[in-house]
Amino acid sequence: MAIKIVVNGQDLEVSVSPMKRLLDVLRQDCYLTGTKEGCGEGECGACSVLVDGEVINSCLVPVCQVEGSEIVTVEGLAENGKLVPVQEAFIKYGAAQCGICIPGMLMAAQALLDSKELSKQTPTRYEIREAIAGNLCRCTGYMKIVDAIEAAALSTLEKK
Amino acid sequence: MNKVYSPKELSEAFQILNSYQPLKIVAGGTDLMVGYNSGMPVPDQLLNLWKLDELRHIDEYPSLLKIGALCTYTQLIKDERVRKYAPTLVDAAKTIGAMQIQNRGTLGGNIVNASPAGDCLPVLAAFDAVIEIGSVRGLRQVPFTDFYTGYRQTVLAEDEMVTNILLPKQKTEESAKFYKVGTRAAQAISKVMMSVRASIDAQKCVKEIAIAVGSVAPTVIRTRLTEMAIRGLIIDESLIATARKEMMEEVRPITDIRSNEHYRRTVSGNLIAKFLRENYLA
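One line per chain: the protein sequences are R and W, in this order.
Residue numbers are given in the numbering used here: position 63 of the first sequence equals residue 63, and the series is strictly consecutive.
Residue numbers are given in the numbering used here: position 80 of the second sequence equals residue 80, and the series is strictly consecutive.
I should point out that these hints are in silico values taken from the structure, not numbers from a laboratory.
Note that CB positions come from ideal geometry on N, CA and C, so glycine has one too.
Treat the hints with care, as some may be off.
To be verified - If you only want the chain W side, here are some residues facing chain R, beta carbon under 8 Å, derived:
#1 M1
#2 N2
#3 G29
#4 N37
#5 G39
#6 M40
#7 N48
#8 G97
#9 R104
#10 I254
#11 I257
Claimed, not checked - In silico BS3-like cross-links for lysine-lysine, where the CA-CA straight-line distance does not exceed 25 Å:
#12 W:K245 to R:K4
#13 W:K8 to R:K4
#14 R:K20 to W:K51
#15 W:K177 to W:K78
#16 W:K274 to R:K4
#17 W:K204 to W:K169
#18 W:K274 to W:K177
#19 W:K169 to W:K84
#20 R:K120 to W:K207
#21 W:K84 to W:K207
#22 W:K51 to W:K24
#23 W:K245 to W:K274
#24 R:K4 to W:K94
#25 W:K8 to W:K24
#26 W:K171 to R:K116
#27 W:K24 to R:K20
#28 W:K66 to W:K171
#29 R:K116 to W:K8
#30 R:K144 to R:K92
#31 R:K20 to W:K8
#32 W:K274 to W:K204
#33 R:K116 to W:K94
#34 R:K120 to W:K78
#35 R:K92 to R:K159
#36 W:K177 to W:K204
#37 W:K3 to R:K20
#38 W:K84 to W:K66
#39 W:K51 to W:K3
#40 R:K82 to R:K116
Extracted from the complex, chain R is given alone in its bound form (with noise of 0.2 Å):
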């Protein structure tokens, strides 16, 4: 079946079972290899990825229900080889150690720092936490990773 989906501003066609996950899409027939699957059971976080600017687990999501939509992968929160805020907080402030996590903690942040609620004010240490409580780090980096979540908030904030 011939399902159309946008990709990190890219129009794509992949032909596929309507029922494949969103996860498999990404990396087996788009080539995007930057979502990693960790538990498969939508506990873990690490196949996260923005659809119409909501942060989802992939693996649960079959790719039928994402026609149309628009979807960003880590590989598409840079701009023209630039980095985005977030992700220079975590290379400034050593958020990554194993780094299988971070893809998906990279667009759980991205969404938070979108939020219209949040667009005037930082968020608090308590939100960084809650944005980020369905993605699992196995090395418990936490710590320096909601410090970096902080920091580019800031400077998301200043830039505005």
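Using the hints, position chain W against chain R.
Chain W only, in chain R's frame:
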């Protein structure tokens, strides 16, 4: 290859349900896809509800909210009317998974999935919600407390689907609470949940009370014997002790991978004691 029907109109969905059985309905997919990912066979024919925007409305009426079955937990959490008139439903929705699941999982899915651990279900039971069911034969309404006929069994016929949830508003004189006890705050399936709704006067007399408990029986249950033991009485230490004892006797928990019978029974008693004590001290 699987055949997936993705109607954009509700009437079309009813026609599909009537014409192409057997059919598995998928809404947000947060439960079904977990099963398929772990090797459960994907059915040959599915009905994908995701494009039915008709079922995404929340409407306010004088005494109730009409909530479309396809409303996501995020939608419930953010909606001003739900926050004002059904704050315990917001509390329950916030305990489900985390952002990724709340953006995708739906209230209708929580109901139809029919798990005794469905987090919104005790709230619907305590508030005497009514479930609107649709098919080509028309619409019908079923009280939520009659919706389940057994473990993971519902009154839905093969050609029917849940369309809306009618949820009575919490009244200003009512006090309501939702409690969830799980392994951790996010991403945890509950060991015990309780939703309580009560009218308590200035003399601390419990004029009216409704208590619903999840994960302690084959379905979410109303503990009507415990309600009877509390109703009409003034809250004091003796009533709190009676309520705890009644609750521990009334629930029918089992031991499974998440918890054991003794723990669930004890926690159920503790939760009703906690509710009464919070209101006694208030």
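To see whether the hints hold, each was checked on the structure:
1. M1: Hint on M1 of chain W: holds, closest Cβ of chain R at ~5 Å, below 8 Å.
2. N2: holds (5 Å)
3. G29: holds (5 Å)
4. N37: Holds, because the Cβ-Cβ distance from N37 of chain W to chain R comes to roughly 5 Å (cut-off 8 Å).
5. G39: Hint violated; G39 of chain W Cβ to chain R Cβ min 11 Å, cut 8 Å.
6. M40: violated (12 Å)
7. N48: It holds, given that the least Cβ distance between N48 of chain W and chain R is near 6 Å, below 8 Å.
8. G97: This hint holds: G97 of chain W lies near chain R, its Cβ roughly 6 Å from the closest one there, short of 8 Å.
9. R104: R104 of chain W check passes; min Cβ-Cβ to chain R is 5 Å, inside 8 Å.
10. I254: At about 23 Å, which exceeds the 8 Å cut-off, the nearest Cβ of chain R leaves the hint on I254 of chain W violated.
11. I257: This interface hint is violated because 14 Å lies over the 8 Å limit.
12. W:K245 to R:K4: violated (59 Å)
13. W:K8 to R:K4: Since the Cα atoms of K8 of chain W and K4 of chain R sit roughly 17 Å apart, the hinted pair holds (cutoff 25 Å).
14. R:K20 to W:K51: The given pair, whose Cα atoms are some 18 Å apart, holds under the 25 Å limit.
15. W:K177 to W:K78: Satisfied, since the Cα-Cα distance of roughly 19 Å is no more than 25 Å.
16. W:K274 to R:K4: violated (53 Å)
17. W:K204 to W:K169: holds (22 Å)
18. W:K274 to W:K177: Given that 25 Å is the threshold and the Cα spacing comes to 10 Å, the pair holds.
19. W:K169 to W:K84: holds (9 Å)
20. R:K120 to W:K207: At roughly 45 Å apart (the allowed maximum being 25 Å), K207 of chain W and K120 of chain R break the hint.
21. W:K84 to W:K207: holds (23 Å)
22. W:K51 to W:K24: Holds, because 16 Å separates the two Cα atoms, which is no more than 25 Å.
23. W:K245 to W:K274: OK: K245 of chain W and K274 of chain W at ~13 Å, within 25 Å.
24. R:K4 to W:K94: The hint is violated at about 33 Å.
25. W:K8 to W:K24: holds (17 Å)
26. W:K171 to R:K116: Violated - the C-alpha atoms of K116 of chain R and K171 of chain W are around 31 Å apart, more than 25 Å.
27. W:K24 to R:K20: holds (16 Å)
28. W:K66 to W:K171: At roughly 16 Å apart (the allowed maximum being 25 Å), K171 of chain W and K66 of chain W satisfy the hint.
29. R:K116 to W:K8: violated (28 Å)
30. R:K144 to R:K92: holds (10 Å)
31. R:K20 to W:K8: It holds: about 21 Å lies between the C-alpha atoms, which stays within 25 Å.
32. W:K274 to W:K204: Given pair K274 of chain W, K204 of chain W holds - Cα atoms ~15 Å apart, limit 25 Å.
33. R:K116 to W:K94: holds (19 Å)
34. R:K120 to W:K78: Roughly 18 Å separates the two Cα atoms, so the pair holds.
35. R:K92 to R:K159: holds (18 Å)
36. W:K177 to W:K204: Holds - the C-alpha atoms of K204 of chain W and K177 of chain W are around 17 Å apart, at most 25 Å.
37. W:K3 to R:K20: Judged against 25 Å, a Cα distance of about 12 Å means the pair holds.
38. W:K84 to W:K66: holds (14 Å)
39. W:K51 to W:K3: Since the Cα atoms of K51 of chain W and K3 of chain W sit roughly 16 Å apart, the hinted pair holds (cutoff 25 Å).
40. R:K82 to R:K116: At roughly 24 Å apart (the allowed maximum being 25 Å), K116 of chain R and K82 of chain R satisfy the hint.
Of the numbered hints listed earlier, those contradicted by the structure are 5, 6, 10, 11, 12, 16, 20, 24, 26, 29.
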